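Colleague: Kindly generate the complete structure, drawing on both the sequences and the hints.
The working numbering applies: residue 1 is where the sequence shown begins, and numbers increase by one.
Simulated from the structure, these hints should not be mistaken for laboratory data.
One thing to keep in mind: the hints can contain errors.
DSSO-like, lysine-lysine: derived pairs with alpha carbons at most 30 Å apart [as the list claims (entries may be wrong)]:
id, residue 1, residue 2
1, K14, K111
2, K83, K14
3, K41, K141
4, K141, K238
5, K69, K83
6, K83, K68
7, K141, K68
8, K83, K238
None of these values were measured; they are calculated from a predicted model.
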Amino acid sequence: MSQTQSNKSSFFVKRPILFVIIVEVLLLFVVTVGGAIATIKELDYTSAIWVSFTPIALALIIYLTWTKKWGSVGFRSLSTIPKRNWLYYFPLILVLIIIGIEGFDGVTLSKVIQFVSFTLLVGFVEETVYRGLILKAMLNKSVTAAVVTSSLLFAFTHALNLISGQDAASTAVQIVYSLLVGAVLALLMVRDGNILPLILFHFLHNLIQFLGIESTGVNYFDLIALAVLAIYTVILIKSLDMKKVVGSIAA
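Modeller: Next comes the structure, spelled out in structure tokens:
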């Protein structure tokens with residue numbers, strides 16, 4: 001590693017906790033400002049997402065390009081994932097099937113195009129921030145610290161979005177759900193060091209939710225998805241060879 005590269009990564013490596021705090025605070029600040037602008041302008045939810053996430057996406061692209069960290073935060077060829085490891089992604093497909101089993105509501109081409117664009121944006125931003133930058137930074141502490149921190153912050157950020165007057169049971173389920181999703185994706189990132197399948201899952205997951213039939217309260221499908229994610233998390237933890245995965249993601 002050259003002296004220039006070392007200097008560029010020194011803060012990321014030597015001050016991981018401070019780096020994570022700065023990233024999370026900046027994310028929340030931009031989202032809050034974007035939400036305020038959307039409220040003042042009386043924009044709909046998707047427009048609010050565009051206002052909030054577009055500058056974050058541009059900042060991420062500039063930062064990762066300038067520091068040459070695309071590969072280090074997981075933007076790698078899918079061929080880097082061993083064939084046998086693709087089995088660990090099948091439960092993600094099961095989760096997608098579960099959340100989409102109730103069907104879709106009034107799907108039109110224009111609606112699909114609208115939701116595809118902004119769910120791709122959200123998937124890119126959130127995965128790059130939580131399973132890319134934050135997870136990678138905290139790996140300088142330990143694998144456990146990386147997975148726990150990225151998962152908790154992911155759930156915390158989503159919990160703030162849920163403060164909208166819905167019932168306590170629904171809010172609690174959604175917070176636990178986001179925590180488990182965060183843990184599963186973090187563990188997969190630790191295992192393979194590739195963020196592309198995670199962005200794809202995140203994108204499809206959000207797309208199915210936004211196109212699906214809107215439901216109120218907690219239903220059986222929510223509980224089934226929670227059970228799958230909980231079991232899946234345990235399986236991933238037990239399957240990890242810590243010596244190998246640390247070397248893989250640190251490469």
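Colleague: Would you list, in rising numerical order, the hints stated earlier that this structure does not obey?
Modeller: 1, 2, 3
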